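A.B. asks: Could you slot chains E and C onto chain W? The hints should help.
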Amino acid sequence: METTTEKKQKYGMVIDLDKCNGCGSCAVACAIENNVPPALEKMNKRNGLTWLNISTVSNNEQFPKSESVFVPMFCQQCEKETPCMTVCPQNAVDVDPTTGIVGQVPQRCLGCRYCMTACPYHARYFNWWDPEWTEGMKQQLNPDVAPRMRGVVEKCNFCHGRLHAAKQKAASQGNREIDPADYIPACVESCPNKAITFGDLNDESTLVAQAAKHEHSFRFLSRLGTEPKVYYHSKKQWVRAMAEKSLTRSHQEEFHG
Amino acid sequence: MAKTLTRRDILKFTGGGILGLMFSPLPWKLLDDSSIWTQNWGLTPKLAHGPIAEQFSHCTLCAGGCGIKARTVSGMPYSITGISGHPISYGTVCARGLAGHHMAYHPLRIVHPHMFTGKGSDSAMTAVSLQSALDATAQHIRETRGSIAILDQQPGRAISEIYKEFLSTLPNGIFLSSPSNEDATLLAIQAMVHQQKSSYGFDFENADLILSFGAPLFDYWGTPGRMSALRNAGTPKIIQVDSRYSRTAMQSDEWIAIQPGTEKYLALGVAHLFLTEKLIPVRNLRSAADFAAYGKTVNEFIPEKVSLLTGIDSGRVREIARTLASSQRPIVVSGADPGGGPFDGETEKAIAALNILLGNVGTSGGIVSRFDIPGYKNSSDPIRWSSIPDHSIGVLIVDGADSGYALPWSLVQRKLIPNEGFIVSLAPVLNEISAHADYLIPSPGHLETLQDIPTPTGFPAGTFALSTPLLKKQEGTTDSVDVIRELSVRLNKQLEIPTQEALLKQKSAALFSQKRGSLHIPSDNSILPIRDLSSADDLWTKLTEGAVWIDELLKQTSVKSFTIGLAAVEVPNPKQGTNELPMIAYGWRGATSTAQISPIMSKVFQETELRAVNGTVSVNPTTALQYGLSKEEPADLSTINGTMKVRVKVDPTVRPGVIEASIAPLPNGIETPKHPAGNNILNLCEVTNDGTWRMTTAKFLKV
Amino acid sequence: MKSKIIFITGILFGLFIGWYAFPFALYRSNEQPLQFSHFVHTGEKGGMACEDCHQTNDQGRFQGIPATAKCAECHASPLGETENEKRLVDEYITPNKEIPWLVYSRQPDNAFFSHAPHVTLGEMKCETCHGGHGTTEVLRPRQTNRISGYSRDIWGASISGISSNSWEGMKMDKCVRCHGDNGRRDGCVACHK
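Protein chains in written order, with the numbering used here: chain W, 1 to 257; chain E, 1001 to 1703; chain C, 2001 to 2193.
None of these hints come from the bench; they were simulated from the model.
Remember, it's a predicted structure, so these values are computed and weren't measured experimentally.
Worth double-checking, as some hints may not be accurate.
Pulled a few chain E residues facing chain C out of the computed Cβ check, cut under 10 Å [what the hints assert, rightly or not]:
| # | residue |
| --- | --- |
| 1 | Ile1018 |
| 2 | Phe1023 |
| 3 | Pro1045 |
| 4 | Ile1052 |
Among chain C residues calculated to face chain E with C-beta under 7 Å, some are [said to hold, decoys possible]:
| # | residue |
| --- | --- |
| 5 | Ile2006 |
| 6 | Gly2010 |
| 7 | Phe2013 |
| 8 | Gly2014 |
| 9 | Leu2015 |
| 10 | Phe2022 |
| 11 | Asp2109 |
| 12 | Ile2147 |
From the three backbone atoms N, C-alpha and C, an ideal C-beta is built for every residue, glycine too.
With the rest of the complex left out, here is chain W:
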């Protein structure tokens, strides 16, 4: 039979930080789409499961000159020498050759958490406990995404369940390529301010490819050389200056400005 190759796509995002108002719709939509369980009483910022995690970052000025932005952070889909993929002893992480998506297969994971250490963006989360939903909410899980047991790592996969649905629809119509309008990740769809643009970075005609090249677009920690496919954008200089810094603050900064 003949070899079948599809056009290689490189899915990426550009997030406009000037538009993000920290409403949290994206985080909730992500959790619902991907069957991420709600927090148990003992969960907190450190041990919770937030595939899409939003931080509030300020410019360290004093009132009333202080400004904040909200930074949604999730798997940046590193393209080059993907740290989590490189360290996984189980080959539970791989970069899909046709879409560029860094896929996490929780069923293969043995829970060593090496990938969590390796990820520069703290975008990977460990199931410290078994997922708990009420009996009724268990019937409301998304049938396109498998739930995970405790002891495995999970992270954003650019809503692969929706990619499956888009590919399936295209195939049933006889197409090898999906219709881009059919593949929209939950966060992109739910943002009221349309702060997230998503699409194929390889296709010059898409909004996302153009936005990524904009002079005000940047990537976090690009100095690490992992070539993440998630870009951020801001008109504000102080926001762009954050790009190479770590997001934690010292005691000094916290209390004395």
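C.D. replies: Relative to the frame of chain W, chains E and C by itself:
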């Protein structure tokens, strides 16, 4: 050969058996199966199978009226998204609505009538029959010496009219709703207008400037989708006067940081400039019958005085006045943050009066009047809690809908007769108010029963939609309309109360006979004029399939006569050297403690601290230093109403000398039912005589 | 001598257990709730094709085993005189109940398989993966692995897991081999949910 079997033989046999097994698939298959078994154990839920479909409905969790599209598997919704092209919500559903399908199965969901016995930590919930709950309620209604009140936090629905009808048959029935927030300006203006009362809305889409006094326009005000569509369009320009660096302040074109509690002085200062610098036509001033008294009131609020009171530079005050006056179509809106509740009456009047001076009432791009929705009685009498005498309510029935706004229990408690006040809650989920109830007669929850979705607050035209149920109604729950019918029968009132479906069909039929307006059809994003429908049944069918009706815009006639009613405004003397700080209670509409939210919203609270839970206070680093506060230790916050342990956040965006206290939601409030409910910053707020709790002073106790 | 015999007997016994008795213990058998003859429908008399009942919807999702409504399209009242058909009409069609079929080919929750790329794009025949199922006269019982919970069809009829044809067994390695034979390179996310 020996006939007896020795131990050695058995061992040989076993050894041979094991060797044989090695050459069979058994050990390898067992290994494979066991590893699969460890992954499939019962603690991980299994996914549903079945046909995947799409259904349209509307969200009932607040009065926003957003259209929703649900994806279902075997009929069970598993995902909610917006309807793009929806004329009210523009494809957006807020975070609370996205998880709306969870509410039916919330951990605190009540699906059977219950009675509360005992008090405090000894209290217990006992299941009772519906009949006994209704009998007890009717008994109390008959025997109470106080008034009978129904608290409806989403007034304007069909059920609200049933409540009013029922209350009118009682000797002292009172219809209550939550102190208004989003429609505060509109209601203030309505009270000022001389002519026949009309419903008003904000024509933001045609305005070019909005001056907002603390209204959380971009943080779930009105219909979130409508506001973000405006934001995305880039007009109108927004000037946000806010005592906090709120999300709206962040997204606005200009943030004016104001000392909390001084909003009215700024409004009066702007009015002063309007008059003294002749920035507005004189006829606008003269449209107020009491313009002389009003002029006298604003006279003393010169920019320098305003600057001193509000902390805003006087030059900036002048700029605001000039910008506002020179805009073609400006609107001034207040409504404040849902956590702190509405502004006091004087502040609302001062802010609303600016619209009158700008002459935008009854003009396109301003405050527009709209047709009443056919079939609805459209009464618009705001209930002021201040007009209800303290300790006068004998029976309180709390309707199941929540506004998504805060309502301090202390305000409700104040109006109840102590030790005699009898509370029945119709809420489907145990929440802050229902946790104080004596009886629970739960109604079906969101998406479990047919509901009407009347016009959302501030919308420039009337709208009507249905929330079609997507879930099966759970046995043991009772529609509120049925509860009222049962009570009226027990009390021998001759009232014809239809079922929920019949009631809403009546409304739909009234809509059809009016022949005005058009339907937006969600499945194909098309618009269908009502005139083109064949029958009332056709309209009903389309409404149940998720369509929304939008009225025609009413041709505007500029309103020319008002009475403002602001005779004199006192400026209190500044407090000398206390360690009491103004406390700004803030929340997030939809999660402000009278409402329950899906457990999945922990992504936004507990697991990220993107939003603070109840019991978190934020202070500026200088304030923290001054009072020895740090995020490492809880502090003791004290107000006139008590003391509470709070978590401290040190935030440079907070105004120095001010405490920002979050009241939304209760930490782990999504998991823990308590009767009465646990400690809540909202109860620390001081409720004034006019039913507002915005201005509280608090201090940190030295540990 | 005796010990050798005993040893060899042991080996034979082990082999017997492992190859013959083991499957009986490992799998439990459940009969289908209703007997159904594919042959009656797809043979000369019925003349139907697979896709007449096993359809794909407009989103490309394969609808699997048809709902009772599909059977009702022809069998609203009995067409023949068999006992099974009578049961179909009385117990399922009339009260509008779904038949609780036991699915042979149920894959685990974490596997994503779509018929559309294989059947529509790949033009594969149903028999390639489902064998002669479409012409069977009776529905065989579903044999479920007591430990893993999956159908015997997933591992394959033979306990060794080795099959000589394409439709016996459908574990991941079989899918991967066929994909590889056809020149496809897929990442994990392509087939995992």
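A.B. asks: Holds or violated: Ile2006 of chain C as interface residue toward chain E, Cβ cutoff 7 Å?
C.D. replies: 5 Å, holds
A.B. asks: For the restraint on Phe2013 of chain C, tell me whether the closest CB of chain E is nearer than 7 Å.
C.D. replies: 5 Å, holds
A.B. asks: For the hint on Gly2014 of chain C, does the least C-beta distance to chain E fall short of 7 Å?
C.D. replies: With a minimum Cβ separation of about 2 Å from chain E (threshold 7 Å), the hint on Gly2014 of chain C holds.
A.B. asks: Hint Gly2010 of chain C vs chain E: min CB-CB distance below 7 Å?
C.D. replies: 2 Å, holds
A.B. asks: Should the hint that Phe2022 of chain C touches chain E count as held when the rule is a Cβ pair under 7 Å?
C.D. replies: 5 Å, holds
A.B. asks: Could you check if Pro1045 of chain E really has its C-beta closer than 10 Å to a C-beta on chain C?
C.D. replies: 9 Å, holds
A.B. asks: Tell me if Phe1023 of chain E is really an interface residue toward chain C, meaning its C-beta lies closer than 10 Å to one of theirs.
C.D. replies: 6 Å, holds
A.B. asks: Does Leu2015 of chain C pass the interface check with chain E, least Cβ-Cβ distance below 7 Å?
C.D. replies: Where the cut-off is 7 Å and the nearest Cβ of chain E is about 4 Å from Leu2015 of chain C, the hint holds.
A.B. asks: Interface hint check: Ile2147 of chain C, Cβ to nearest Cβ on chain E, cutoff 7 Å. Holds or violated?
C.D. replies: Holds. Min distance 4 Å.
A.B. asks: With a cut-off of 7 Å, does the beta carbon of Asp2109 of chain C approach a beta carbon of chain E closely enough for the hint to hold?
C.D. replies: 5 Å, holds
A.B. asks: Would the stated hint for Ile1018 of chain E survive a check requiring a Cβ distance to chain C of less than 10 Å?
C.D. replies: 6 Å, holds
A.B. asks: Using the nearest Cβ pair, does Ile1052 of chain E come within less than 10 Å of chain C?
C.D. replies: 6 Å, holds
Comparing the model with each earlier hint shows no violations; every hint is respected.
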